[in-house]
Amino acid sequence: MFLLGINYILLFIGSISSSLLSKFYFNHKGDSRWVSTWVQSAGFPLLLLPIYLPFYVFKSTHRKPFTNLTPKMLLLSIVIGFLLGLNNLLFSWGNSYLPVSTNSLVLSSQLVFTLITCVIIVKQKITYTNLNCVILLTLSSVMLALGSSHDKPKDLTKTKYFIGFFSTIGAGLLFALYLPLMEKIYKEVYCYSMVMEMQIVMELAATVLATLGMIIDGGFSEMKKEGKNVFDLGEKAYWLTVMFNVVTWQFCFMGTAGMVFLTSSLTGGVCMTALMAVNVLGGVIVYGDNFGGIKVVSTLLCIWGFSSYLYGMYMKMKEEEEKKKDDSLEKLIKNDKDEEENMTEIHVTHNT
Numbered sequence: 390m391f392l393l394g395i396n397y398i399l400l401f402i403g404s405i406s407s408s409l410l411s412k413f414y415f416n417h418k419g420d421s422r423w424v425s426t427w428v429q430s431a432g433f434p435l436l437l438l439p440i441y442l443p444f445y446v447f448k449s450t451h452r453k454p455f456t457n458l459t460p461k462m463l464l465l466s467i468v469i470g471f472l473l474g475l476n477n478l479l480f481s482w483g484n485s486y487l488p489v490s491t492n493s494l495v496l497s498s499q500l501v502f503t504l505i506t507c508v509i510i511v512k513q514k515i516t517y518t519n520l521n522c523v524i525l526l527t528l529s530s531v532m533l534a535l536g537s538s539h540d541k542p543k544d545l546t547k548t549k550y551f552i553g554f555f556s557t558i559g560a561g562l563l564f565a566l567y568l569p570l571m572e573k574i575y576k577e578v579y580c581y582s583m584v585m586e587m588q589i590v591m592e593l594a595a596t597v598l599a600t601l602g603m604i605i606d607g608g609f610s611e612m613k614k615e616g617k618n619v620f621d622l623g624e625k626a627y628w629l630t631v632m633f634n635v636v637t638w639q640f641c642f643m644g645t646a647g648m649v650f651l652t653s654s655l656t657g658g659v660c661m662t663a664l665m666a667v668n669v670l671g672g673v674i675v676y677g678d679n680f681g682g683i684k685v686v687s688t689l690l691c692i693w694g695f696s697s698y699l700y701g702m703y704m705k706m707k708e709e710e711e712k713k714k715d716d717s718l719e720k721l722i723k724n725d726k727d728e729e730e731n732m733t734e735i736h737v738t739h740n741t
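According to the working numbering, the stretch in the sequence shown is residues 390 to 741, in order.
Since the hints were derived computationally from the structure, they do not count as laboratory data. Treat the hints with care, as some may be off.
[Stated by the list, open to error] Here are the simulated lysine to aspartate or glutamate pairs, EDC-like style, with alpha carbons at most 16 Å apart: (1) K614 x E624; (2) K418 x E615; (3) K613 x D420.
[What the hints assert, rightly or not] Estimated spans, in silico, between C-beta atoms of each pair: (4) E624 x Y703: 44 to 54 Å; (5) T527 x I395: 23 to 33 Å; (6) T516 x T459: 25 to 35 Å; (7) L392 x T456: 12 to 22 Å; (8) E711 x I605: 51 to 61 Å; (9) V667 x L393: 15 to 25 Å.
All C-beta atoms in this analysis are idealised placements derived from N, C-alpha and C, irrespective of residue type, glycine included.
Based on the provided sequences and hints, a complete structural model is requested.
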């Protein structure tokens with residue numbers, strides 16, 4: 390529970406701050422979607438800390454880092470990493486056009502895809518709670534789509550706005566595929582350090598894809614030019630934005646991987662969706678995004694869906710605990726009966 394709490398805090402901080410910083414980059418004349426894609430995975434060396442500290446500093450594990458990773462696990466991590474890189478690119482396209490609040494609410498649709506892919510890939514059971522949550526979040530996204538033409542920023546064409554909208558939907562779809570695939574792979578993993586090691590491989594593959602895109606787009610020299618001549622807050626602010634973006638995205642991905650490993654891909658997706666409402670409020674407070682009637686209703690539906698899911702999980706855990714107690718009691722009664730029958734048998738044999 391302690392490790393789960395740490396990972397959710399990382400997810401909470403990373404999800405909100407990375408979304409706001411990514412939009413901050415585009416709001417101040419940053420215009421490279423490949424740079425925005427690259428910063429999402431380029432901080433993967435930071436994950437070496439939770440891998441090496443437990444072994445060399447805290448001495449809390451005897452397993453040497455980067456052992457027990459099979460060729461199959463490495464290959465799957467690389468393939469999923471390229472999938473993650475494509476997801477990051479679609480997210481950058483969506484974030485460059487949409488307001489933070491709209492982008493966050495549209496991303497909530499990833500939970501719908503997550504439930505579907507979880508059913509197919511990890512055989513997740515569909516319950517009333519799952520279905521209720523999915524319906525509410527889908528309705529939230531549909532309402533947002535219907536009223537989106539009134540929410541587009543100034544000087545942005547309707548075509549570009551909808552490109553951003555559907556890019557974000559695509560990012561949600563790919564991320565929904567990414568979550569259950571991770572859960573399936575993590576079934577062969579027996580410790581948190583191995584999760585972080587596989588996460589490094591995934592993000593390395595995603596960084597390679599983003600780096601190739603940057604080279605095609607003009608290379609890292611374009612970043613220097615952008616910092617000096619394009620970014621309207623100056624070069625120092627530009628590099629600080631890039632640096633903090635790199636760090637906060639690692640918080641987000643580290644928290645996501647931990648949540649999937651410690652719970653399930655669906656629970657991880659639900660927890661991420663719960664943060665969308667906070668991202669919406671962040672966009673309104675920090676950037677002054679419009680918060681009209683449709684967004685209010687969409688946010689309430691999002692919160693309602695998440696609350697119903699949490700209540701369903703709570704009831705399920707309560708039922709499981711009661712079942713365990715009943716099973717333990719039945720086992721205890723059965724053992725007492727068996728012991729009594731054995732004693733009777735021994736007594737009869739002795740008398741005979």
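Evaluated hints:
1. K614 x E624: The hint holds at about 9 Å.
2. K418 x E615: holds, 9 Å
3. K613 x D420: This hinted pair holds, its Cα atoms lying about 13 Å apart.
4. E624 x Y703: 44 to 54 Å: holds, 51 Å
5. T527 x I395: 23 to 33 Å: holds, 32 Å
6. T516 x T459: 25 to 35 Å: holds, 34 Å
7. L392 x T456: 12 to 22 Å: holds, 21 Å
8. E711 x I605: 51 to 61 Å: The hint (51 to 61 Å, Cβ to Cβ) holds, given that E711 and I605 are roughly 59 Å apart.
9. V667 x L393: 15 to 25 Å: This hint holds: roughly 19 Å between Cβ atoms.
Every hint, counting from the list given before, is met by this structure.
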